[in-house]
Amino acid sequence: NAGVMQNPRHLVRRRGQEARLRCSPMKGHSHVYWYRQLPEEGLKFMVYLQKENIIDESGMPKERFSAEFPKEGPSILRIQQVVRGDSAAYFCASSPFGVLSNQPQHFGDGTRLSIL
Amino acid sequence: AQSVTQLDSQVPVFEEAPVELRCNYSSSVSVYLFWYVQYPNQGLQLLLKYLSGSTLVKGINGFEAEFNKSQTSFHLRKPSVHISDTAEYFCAVSYLQGAQKLVFGQGTRLTINP
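So the protein sequences, as listed, match chains Y and G. Residue 1 is where the first sequence starts when you use our numbering, and the numbers rise one by one after that. Residue 1 is where the second sequence starts when you use our numbering, and the numbers rise one by one after that.
Bear in mind the hints are in silico, worked out from the structure with no lab data behind them. Predicted model, so just to flag it, every value in this text is computed and none were measured. Honestly, I wouldn't trust all of these hints.
Rough simulated footprint, nothing fancy, chain Y against chain G, three-plus residues with beta-carbon under 8 angstroms [stated by the list, open to error]:
1. 19-29
2. 73-84
Below, in silico cross-link-like pairs of lysine-lysine (DSS-like), each with a Cα-Cα straight-line distance of 25 angstroms or less [unchecked claim]:
3. Y:K27 - Y:K62
4. G:K49 - G:K69
5. Y:K44 - Y:K62
6. G:K49 - Y:K62
7. Y:K71 - Y:K51
8. G:K49 - Y:K27
From chain G, some residues computed to sit far from chain Y (all C-beta separations above 12 angstroms) [stated by the list, open to error]:
9. S9
10. G43
11. K49
12. L56
13. K58
14. E64
15. N68
16. E88
Don't be surprised by glycine CBs; every beta carbon is placed ideally from N, CA and C.
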């Protein structure tokens, strides 16, 4: 029973390029959350999605960042025109129901994004 | 504003000694509380959770935590630590009113010395 799968594990981009981070939730989980962890800091919520719907994007920067969770396939976090400040670890979590249920979120191993 | 404070950024202890990692949260509404552990270059693994009921909850790897509503605290404890417990520990809260997300503390780095 595979856990939350994120790929790539490490991603290097030059300033101005695009970064695409993928997340496949655990089997049976239809709720996906993205968090960002800056060096020496805790995780900060970015966006919460269900299949084909963005439920809460209050933590997403207003520009350059977008997320989707299509009917088929993984959830994608997309960062356009990356800048050095985007360097961080990006974690995806999934759960079978929303946070207001008593089901905890299960986390992937993260994608470590480095901007040159 | 919703916030979680982990009072110690680093905690060094000797092997087999007891340890307590402190966590306080701001809240005027009901909450669910969690402790996660992060080993180097890995994701977060759930240690334990408090949803309701008994205020003392037991988790994996011999850890336990106590929910104190009056002090809005959820401190993590282990009576005897092992070298393998060296990791970063995060306290997290989900608020039962408002946005559906986890709010994390800044993390506590637990270092076990032989």
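Status of each hint after checking the structure:
1. Judged by the Cβ-Cβ criterion of 8 angstroms, the region 19-29 of chain G is not covered by chain Y as claimed, because only 0 of its residues qualify and three are needed.
2. Only residues whose beta carbon comes within less than 8 angstroms of a beta carbon in chain Y count, and the region 73-84 of chain G has 0; fewer than three means the coverage is violated.
3. Taken as a hint, the Y:K27 and Y:K62 pair is broken in the structure, with Cα atoms around 31 angstroms apart against an allowance of 25 angstroms.
4. The straight-line distance between the Cα atoms of G:K49 and G:K69 is roughly 15 angstroms, inside the 25 angstroms bound, and the hint therefore holds.
5. Note on Y:K44 and Y:K62: the hinted pairing holds, with a Cα-Cα distance of about 15 angstroms set against a maximum of 25 angstroms.
6. Between G:K49 and Y:K62 the CA atoms are separated by roughly 33 angstroms; this puts the pair beyond 25 angstroms, and the hint is violated.
7. Among the hinted pairs, Y:K71 with Y:K51 is consistent with the structure: their alpha-carbon atoms are about 6 angstroms apart, no more than 25 angstroms.
8. Pair hint G:K49 plus Y:K27 holds up; C-alpha atoms about 22 angstroms apart against a cutoff of 25 angstroms.
9. Against the 12 angstroms criterion, G:S9 falls within the reach of chain Y, whose nearest CB is about 8 angstroms from its own CB.
10. G:G43, annotated as away from the interface, has a beta carbon of chain Y within 12 angstroms; the closest lies near 4 angstroms.
11. Distance to chain Y contradicts G:K49 as a non-interface residue, since its nearest Cβ pair spans about 6 angstroms, not more than 12 angstroms.
12. Taking the minimum C-beta to C-beta distance to chain Y, about 18 angstroms, the non-interface status of G:L56 holds against the 12 angstroms cut.
13. Every Cβ of chain Y is farther than 12 angstroms from the Cβ of G:K58; the closest lies at roughly 15 angstroms, confirming the non-interface assignment.
14. With a least beta-carbon separation of about 17 angstroms from chain Y, G:E64 lies farther than 12 angstroms from that chain, consistent with its non-interface assignment.
15. Taking the minimum C-beta to C-beta distance to chain Y, about 20 angstroms, the non-interface status of G:N68 holds against the 12 angstroms cut.
16. Against chain Y, the non-interface label of G:E88 is violated: not every CB pair exceeds 12 angstroms, the least being about 9 angstroms.
Comparing the model with each numbered hint stated earlier shows that hints 1, 2, 3, 6, 9, 10, 11 and 16 do not hold.
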